[in-house]
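As they're listed, the protein sequences go chains H and D. Going by my numbering, the first residue of the first sequence is number 1, and it counts up by one from there. Going by my numbering, the first residue of the second sequence is number 1, and it counts up by one from there.
Since the hints were derived computationally from the structure, they do not count as laboratory data. The beta carbon of each residue, even a glycine, is placed where N, CA and C say it ideally should be. Among the hints, erroneous ones may be present.
What the hints assert, rightly or not - Partner residues aside, some chain H positions facing chain D, computed with beta carbon under 8 Å:
#  : residue
1  : V27
2  : T28
3  : F30
4  : L34
5  : K37
6  : L88
7  : A96
8  : L99
9  : F101
10 : G102
To be verified - Estimated spans, in silico, between C-beta atoms of each pair:
#  : chain 1 : residue 1 : chain 2 : residue 2 : range
11 : H       : P8        : D       : P96       : 32 to 38 Å
12 : H       : S58       : D       : T20       : 33 to 39 Å
13 : D       : A53       : H       : E39       : 50 to 56 Å
Claimed, not checked - Rough simulated footprint, nothing fancy, chain H against chain D, three-plus residues with beta-carbon under 8 Å:
#  : segment
14 : 19–28
15 : 60–67
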Amino acid sequence: EDKVVQSPLSLVVHEGDTVTLNCSYEVTNFRSLLWYKQEKKAPTFLFMLTSSGIEKKSGRLSSILDKKELFSILNITATQTGDSAVYLCAVPTGTASKLTFGTGTRLQVTL
Amino acid sequence: DTGVSQDPRHKITKRGQNVTFRCDPISEHNRLYWYRQTLGQGPEFLTYFQNEAQLKKSRLLSDRFSAERPKGSFSTLEIQRTEQGDSAMYLCASSPPGGVEQYFGPGTRLTVT
Numbered sequence: 001e002d003k004v005v006q007s008p009l010s011l012v013v014h015e016g017d018t019v020t021l022n023c024s025y026e027v028t029n030f031r032s033l034l035w036y037k038q039e040k041k042a043p044t045f046l047f048m049l050t051s052s053g054i055e056k057k058s059g060r061l062s063s064i065l066d067k068k069e070l071f072s073i074l075n076i077t078a079t080q081t082g083d084s085a086v087y088l089c090a091v092p093t094g095t096a097s098k099l100t101f102g103t104g105t106r107l108q109v110t111l
Numbered sequence: 001d002t003g004v005s006q007d008p009r010h011k012i013t014k015r016g017q018n019v020t021f022r023c024d025p026i027s028e029h030n031r032l033y034w035y036r037q038t039l040g041q042g043p044e045f046l047t048y049f050q051n052e053a054q055l056k057k058s059r060l061l062s063d064r065f066s067a068e069r070p071k072g073s074f075s076t077l078e079i080q081r082t083e084q085g086d087s088a089m090y091l092c093a094s095s096p097p098g099g100v101e102q103y104f105g106p107g108t109r110l111t112v113t
């Protein structure tokens, strides 16, 4: 069965800290991995990664994929209170490309 | 285009009642997905449409659940004889032709009392 595991489950940091969120996966026929940010409502798309070793960046957020070791990390530098959210990792699986999600990492950034 | 929209945003219903939710995907997105999310969990896949055809259903989707996408545009998800275990956030997402990334709507939060 396809599986996506995220760690840690939750994290509290001070504003300005750097955080690393982890996502490991076991899926058949891997094609890509996606990161989403979820505040109080719907998940918002952040990144899609398909190739190992190529970092994707968007402002203070960056992500990288390791297809050999079957994991991805999401880094957030100089965290701000607005980064407080649940970060979800997902992998498209099956012919329908339905997303299989991890349980998410809840990040809280305090002043 | 303002993205995926869902209606209603919140629904409170009594056990045993039927409810129907609507999703309007991003225009020109031919694929539409329904997911359910409970507290502390990631979204779980329910069903998938490519244009008007329902091509995949999860084992989570009992016979009390039915979804339609007439004319390949908006979609509806109906739950009959609701149970307390149906209380969850119901999310709709759409995806463009050839694309893998899915764009989510704001969700419908269902509470069954």
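Results for each hint:
The criterion of a C-beta within 8 Å of any C-beta in chain D is not met by V27 of chain H, whose closest approach is roughly 13 Å, and the hint is violated. This hint is violated: T28 of chain H has a C-beta 16 Å from the nearest C-beta of chain D, more than the 8 Å allowed. A cut of 8 Å between beta carbons decides the hint on F30 of chain H: the least distance to chain D is about 12 Å, and the hint is violated. Because the beta carbon of L34 of chain H sits about 6 Å from the nearest beta carbon in chain D, less than 8 Å, this interface hint is met.
Annotation: K37 of chain H was flagged as interfacial toward chain D, and the flag is violated, the nearest CB pair being 11 Å apart, outside 8 Å. A least Cβ separation of about 5 Å between L88 of chain H and chain D falls short of the 8 Å threshold, and the interface hint therefore holds. Because the smallest distance between the Cβ of A96 of chain H and any Cβ of chain D comes to about 4 Å, under 8 Å, the interface hint for this residue holds. For the restraint placing L99 of chain H at the interface with chain D, the shortest Cβ-Cβ distance is roughly 6 Å, inside the 8 Å limit, so the hint holds.
Look at F101 of chain H: its Cβ gets to within about 3 Å of chain D, closer than 8 Å, so that hint holds up. About 6 Å separates the beta-carbon of G102 of chain H from the nearest beta-carbon of chain D, less than 8 Å, and the hint is met. Between P8 of chain H and P96 of chain D, the C-beta spacing of about 33 Å keeps the proposed range 32 to 38 Å intact. A beta carbon spacing of about 37 Å between S58 of chain H and T20 of chain D agrees with the range 33 to 39 Å that was offered as a hint.
The hint said 50 to 56 Å for the Cβ distance between A53 of chain D and E39 of chain H, and at roughly 33 Å that hint is violated. Three residues within the 8 Å Cβ limit are the bar, and the segment 19–28 of chain D against chain H gives 0, so the coverage statement is violated. Requiring three or more residues with a Cβ within less than 8 Å of a Cβ of chain H, the coverage given for the segment 60–67 of chain D is violated, as only 0 such residues are present.
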